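**Student:** Single-letter residue listing:
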Amino acid sequence: MSTLVIVEPGSHPSASGVARVTRQAVTAAQHWGQPVDLLVLGHTDAAAHTHIAGVRRVLRADAPHLAQPVAEDVAALLDGLADDYAVILSAHTSLARNALPRLAARRDVGMLSEAVALLGPTTYQRPIYAGNLLATVENTPGLQILTVRASRFAEAALDGQAEVQAIVAPAADGRARVTARQSAGGERPELGLARVVVSGGRSLGSAGQFNAVLSPLADQLGAALGATRAAVDAGYAPNEWQVGQTGTVVAPELYIAVGISGAIQHTAGIKDSRVIVAINQDPDAPIMQLADYALVADIFEAVPELVRQLPAKV
Amino acid sequence: MKIIVSIKRVVDHNVQVRPSSDHSAVELAGARMSINPFDENALEEAVRLKERGIASEVIVVSFGDSGVQESLRQALALGATRAIWGQLPAGLEQPDQLAVAKLLREVVQAEQASLVLLGKQAIDEDAGQTAQMLAALLDWPQATAVSALEIEGEKLKLQREVEGGTESLEVQLPAVLSADLRLNAPRFAKLPDLMKAKRLPIEPFDCAAAGLALGPRLRTLRVESPAPRAGGIVVSSVAELVEKLRHEAQVIA
Chain A
-5 MSTLVIVEPG
5 SHPSASGVAR
15 VTRQAVTAAQ
25 HWGQPVDLLV
35 LGHTDAAAHT
45 HIAGVRRVLR
55 ADAPHLAQPV
65 AEDVAALLDG
75 LADDYAVILS
85 AHTSLARNAL
95 PRLAARRDVG
105 MLSEAVALLG
115 PTTYQRPIYA
125 GNLLATVENT
135 PGLQILTVRA
145 SRFAEAALDG
155 QAEVQAIVAP
165 AADGRARVTA
175 RQSAGGERPE
185 LGLARVVVSG
195 GRSLGSAGQF
205 NAVLSPLADQ
215 LGAALGATRA
225 AVDAGYAPNE
235 WQVGQTGTVV
245 APELYIAVGI
255 SGAIQHTAGI
265 KDSRVIVAIN
275 QDPDAPIMQL
285 ADYALVADIF
295 EAVPELVRQL
305 PAKV
Chain B
-4 MKIIVSIKRV
6 VDHNVQVRPS
16 SDHSAVELAG
26 ARMSINPFDE
36 NALEEAVRLK
46 ERGIASEVIV
56 VSFGDSGVQE
66 SLRQALALGA
76 TRAIWGQLPA
86 GLEQPDQLAV
96 AKLLREVVQA
106 EQASLVLLGK
116 QAIDEDAGQT
126 AQMLAALLDW
136 PQATAVSALE
146 IEGEKLKLQR
156 EVEGGTESLE
166 VQLPAVLSAD
176 LRLNAPRFAK
186 LPDLMKAKRL
196 PIEPFDCAAA
206 GLALGPRLRT
216 LRVESPAPRA
226 GGIVVSSVAE
236 LVEKLRHEAQ
246 VIA
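Protein chains in written order, with the numbering used here: chain A, -5 to 308; chain B, -4 to 248.
Everything labelled a hint here was simulated from the structure, so no lab data went into it. Be aware that one or more of the hints could be misleading.
Quick list of simulated restraints, FRET-style, between CB atoms [stated by the list, open to error]: (1) S19/B / P115/A: 21 to 31 Å; (2) A204/B / A201/A: 48 to 58 Å; (3) A148/A / H242/B: 20 to 30 Å.
Residues on chain A that point at chain B, a partial pick, calculated with CB under 8 Å [to be verified]: (4) V103; (5) N126; (6) E247; (7) A296.
Source: prediction; values computed, not measured. No residue lacks a Cβ here, since even glycine has one placed at the ideal position from N, Cα and C.
Between the sequences and the hints, there should be enough to build the whole structure, so can you do that?
**Tutor:** Structural data, given as structure tokens:
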């Protein structure tokens, strides 16, 4: 038996044509020690994905209705493939969150959402209560369906040589149809998947200052922009930038908290970041205890200075 | 059009949760419970559809111990027209998402509802699966994390939250939707409505009689607090911060 990894179309591929989370999901997929296949949908560059180390085959389902796929069609496609696989997994992306539970119910099996550690063939660790607790969960033997928190896994190398195999997808279900897709962040990476996140709190003072202070830093670092609930409620940042228990839980390589005090609601959503930097005027703010590097400074002076001292692009 | 809204009673989001002393579960004794916040958005949307004359009935359903009756009465006070309580059989006090989806399917089919609204996830288990599983079991189309909804005849025009933006969809009824926080701002229950709701009937649903295989597929073996982050350091200047990020943490070039 083998393991199938689903690749989300258009998940901001890097220069290699392969999204970072896909390489991380492939690393997670090696846990079962069986051959790993990839499934790419729509117009995704299948050839680029053949270079991911440890991949046997890239299954390419290139049908027009899979370019902006709906859960109904992805679940139907996977249902047709599932007999050949012992494990079907994906990074915890929008598409996987939408389609894999539907697949699991069609197969009458349970599903694991956002595993952060793979402990045995059917045993996993996953965050509950927005990461305030960790649960060790055992699934029933048989087909394993799961999403993983990609940032917990190293990126697979790009020196592989998989083969591409075209597969035929079932016809579109048609009852649900994507009519448009609007991007909120422009050129910025997606908040939940970004390597670097720059977030601001209410002490930025206004929407104008939020943008003027944080955008140059985010540009410099190729970072996603985030905000606290307080900053969102104050109208400094759009709701979809909210980081925390009622927003997006993030786990980037580098999280820079600017003018953020560190309410539990917010810190629950950033704890899994590899490196946390806090810049705050208040040395007693709770975030300063959580941060790996705390800088006590006026944010309006320190952030522009940081932009000046950083290399041109990272 | 009949709408079914599924609500889950969860530990209130202001409560700091901790593992039970034997680490087998989450310590729930004495914790304040409330309706899952995302389910409140689902309920609010259904009530608004009723107020606009689009929905004829809003039936709220919850599975759990007798405590869920309080949440159901609150939902009645918020505008639901009927409430159904499914008391869980012994040994199934902690149903997984697939079991709940199977129970919901029975209610949806018995009521001949044409729209089901749920929260996009429950803030206790954070699985975010039940709506999609129910849609699969009913073989209905679905939309998750819905942030805007309009109904035109048999067609739903909606927006859903996806990474990096929003997706616009058209979905045929009957359908299952899960609500994002952005969908609406739920109202608060008024005291007279809460008093009135105390006298309204709650209809029982016999979970065991449905004869379903509900044995949980997932079992929680252990619950623990995450390891605290190792304490960091205070840097004295931007230059020192950049130096540490480059050479110690190695997160910038």
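**Student:** Return the numbers of the hints above that this structure violates; sort them in rising order.
**Tutor:** none
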